[in-house]
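Each chain, written out:
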Amino acid sequence: MIARLGADLSPRSAVPLVVLLAAFLLAPFFVNDYLLTVLILILYFAYAGQAWNIMMGFAGQLSLGHVIYVGLGAYVAATLFTRYGVGPWIGLLAAIPVAAACGAIIGYLAFRFGVAGVYFAILTIAFAEFARIGFDHLDFVNASSGLFLPVKQYAHNDLWLLRGAPTMFYYVILAATVFAFVLCRLLLHSRIGYFWLAIREDEQAARAAGIDTFRYKMYAVMVSAAVTSFAGVFYAFFYNNLFPEQVFGISRSIEIILGPIIGGVGTLFGPILGAFVLTGLAETLNALMGAFGIDLPGAKQVFYGVCLLLVVVALPDGVWPPLARRLGLIGEKK
Amino acid sequence: MTALLTVEAVSKRFRGLLAVDRVSFTVPQGAIFAIIGANGAGKTTLFNIIAGAMTPNGGTITFAGKPVDGLPPDAVCRRGIARTFQIVRPFPALSVEDNVTIGALLHRRDVGAARAHTHDLLRQLDLFDKRHRLASTLTLPDRKRLEVARALATGPQLLLLDEVMAGLRPTETDRMVAILRALNRETGLTILLIEHVMRAVMALASRVLVLDHGVAIAEGAPEAVVRDPAVVQSYLGAEVV
Chain D
1 MIARLGADLS PRSAVPLVVL LAAFLLAPFF VNDYLLTVLI LILYFAYAGQ AWNIMMGFAG
61 QLSLGHVIYV GLGAYVAATL FTRYGVGPWI GLLAAIPVAA ACGAIIGYLA FRFGVAGVYF
121 AILTIAFAEF ARIGFDHLDF VNASSGLFLP VKQYAHNDLW LLRGAPTMFY YVILAATVFA
181 FVLCRLLLHS RIGYFWLAIR EDEQAARAAG IDTFRYKMYA VMVSAAVTSF AGVFYAFFYN
241 NLFPEQVFGI SRSIEIILGP IIGGVGTLFG PILGAFVLTG LAETLNALMG AFGIDLPGAK
301 QVFYGVCLLL VVVALPDGVW PPLARRLGLI GEKK
Chain P
335 MTALLTVEAV SKRFRGLLAV DRVSFTVPQG AIFAIIGANG AGKTTLFNII AGAMTPNGGT
395 ITFAGKPVDG LPPDAVCRRG IARTFQIVRP FPALSVEDNV TIGALLHRRD VGAARAHTHD
455 LLRQLDLFDK RHRLASTLTL PDRKRLEVAR ALATGPQLLL LDEVMAGLRP TETDRMVAIL
515 RALNRETGLT ILLIEHVMRA VMALASRVLV LDHGVAIAEG APEAVVRDPA VVQSYLGAEV
575 V
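Protein chains in written order, with the working numbering: chain D, 1 to 334; chain P, 335 to 575.
Honestly, the hints are just simulated from the structure, not real lab data.
Think of the CB as a built atom: it goes at the ideal place given N, C-alpha and C, for glycine as much as any other residue.
Be careful, since some hints might not be right.
Stated by the list, open to error - Derived contacts from chain P toward chain D, CB cut-off under 7 Å, selection only: (1) Pro407; (2) Asp408; (3) Arg423; (4) Phe425; (5) Ile436; (6) Gly437; (7) Leu439.
So that you can see chain P by itself, here it is in the shape it has in the complex:
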């Protein structure tokens, strides 16, 4: 498989704190790749660097053969990397439909065409019946799916998901897992996710990267990674094994 995203020796320093320390990994085209690690391990920082919300202090990021590090977030999105936010940020006073239409208008001039595409996505994400509701009135699971729908509407090749399962009940998690898996299978969408919910990681990811204090300590298939002693020590704790 060819590499869609290549992160090479990326570092980020906040004054005295080295949040991300020369992290390298490759996300193949069509993969579902997970980054796990304890709170403060540098996952969200790494994520923000890829999405263009932060500039790295060193290293390079290549997406689809072109460098994207240092690009502003809107330019990164136009290149084909869409993201969700850990703390969801829908456009609160707009309807569900308008929220997603805004994403769909990125590569479409015509509002009617964008709306038609929006309807398809809303059906896929079980939000079609709620399309006229204001985003601010949705429950958390719905808002999380709205966040995914808006990101998908921009037509990305790579979808970055920042803890979309956090705060969901197990049944809702399973639903989200099923949706993401279907997207990956049917459209070939590559997904990079940060996740705490191991149930979702194990069900989804084909490859897992483990961060600890900004350093990549393990990478591999999920089954192998959860047995890695270093990973158990730093993050999972003994009860998972």
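Looking at chain D on its own, in the form it has when it is part of the complex:
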């Protein structure tokens, strides 16, 4: 496995990769608290986008309700923590199977009964909305009044309980993003990754080549859901408050998928680059508007819309593929 990780990684792409990682590792020493929060947000979206990309970019199954796995991860871990004092890492061990099981249910219903394409996308929205309304009325998790994690001043960072300063959260989400990147690279270069690509490209031809498409689509949904659930655990412990309206809101689903779409669906760097472009520019816009004393609610959404429009028109494959060609880094599988 480890040997395969470095396989067909040319020095030309290895060097920028190492430089980029070093820059991320050193970033907290050079940026202020505000910028650090922005970086956390960027990495959060890079991570969640990478997880979504497994399903859409690799296996070609469009999920527009990915927030359900974020929400389940967040609620499972937060509930275990607030009610039973179980730490987030143990909570994650519970969140992963819950999210994967939820993905399996959605996948089974869709793939067994031939719900595909946009209809599958609608089904994913329906489940996310169902979860939002359900959690809004679930007293066990405080329904619509929200679930709060206890916040107090910590003398030092507690990595085990994920309580501490933003710098700790930064390194946690950085590690997660690196993990997701490595995992996706391994998956893409493995048997399962090839079968996913075949299904994405032409499902009928994939079946003719002997691929049990139902089984491999199920794997895609479950792996994607499991990976996404950590984004939820992180969200819960970073923000310390959960409201169904926000956590399961459809706009959050859209935010997750904009990064990979703008960066390049199905590519490994697309989600990271997309999160950077989108969140980075949106926060710049915020800061500029703040500096000039302009108060325009909804400006961010309009900005997202414009970004998406520009990319769809000018770079239908996303920003990364043409950039990779420019940098001479082709060879990354599309």
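Since chain D is already given, all that's left is putting chain P on it; use the hints.
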């Protein structure tokens, strides 16, 4: 020779239309067997039934001694029957090499081993130099050979070819014929083909089945079949004789 594929009284009805009407034939192990017939004769329907893309309304299909009718297409392929599509369906955004590797991974866990096997096949089918090209950028003859390579990569005992010569120029047809003949001779691969290009059928097939409006009207050696008056009447036309 033992029978590899036995089709017995297979029928397929599309509402009022009986597309395939109780067709029976046997493909011996190691043979090259051709199915010919006019457009709408039921060739592709019969083909789709064997490949598992359609379920027959009646009849049985036995492959290597086991029934395969009613199995889904992926299961049929895993049993050892690989197919090509009449309108080629490569994985467009993937390279030639990746297209074939996907087939080779069916019975191989290791990507490296699958890739090595892919390289062998690409050499056989004259696609090795184009292995890094995206499938969508290939010309039609190349895409047809890619389709054959991907099917072969799954390691079939029986290869189903749905009009692989259609749209090829005579020289390209001869090249494809030579490739298929070599495969059959060297690996003992059994081939069942649907074909309109009689030049290829005559050069390749050891046995020919003629379909007309869903009914098998003749079966035999190619030289005999093309002289059969019923076949001439329904399909070939007088000028061939």
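Quick rundown of the hints versus the structure:
The beta carbon of P/Pro407 comes within 5 Å of a beta carbon in chain D, closer than 7 Å, and the hint placing it at the interface holds. The interface hint given for P/Asp408 holds, since its Cβ lies 4 Å from the closest Cβ of chain D, which is under the 7 Å cut-off. Evaluation of the P/Arg423 hint against chain D yields a held restraint, the C-beta minimum of about 4 Å falling below 7 Å. The criterion of a C-beta within 7 Å of any C-beta in chain D is met by P/Phe425, whose closest approach is roughly 4 Å, and the hint holds.
Taking 7 Å as the C-beta contact cut-off toward chain D, the hint placing P/Ile436 at the interface holds, the least distance being around 5 Å. Look at P/Gly437: its Cβ gets to within about 5 Å of chain D, closer than 7 Å, so that hint holds up. Because the smallest distance between the Cβ of P/Leu439 and any Cβ of chain D comes to about 5 Å, under 7 Å, the interface hint for this residue holds.
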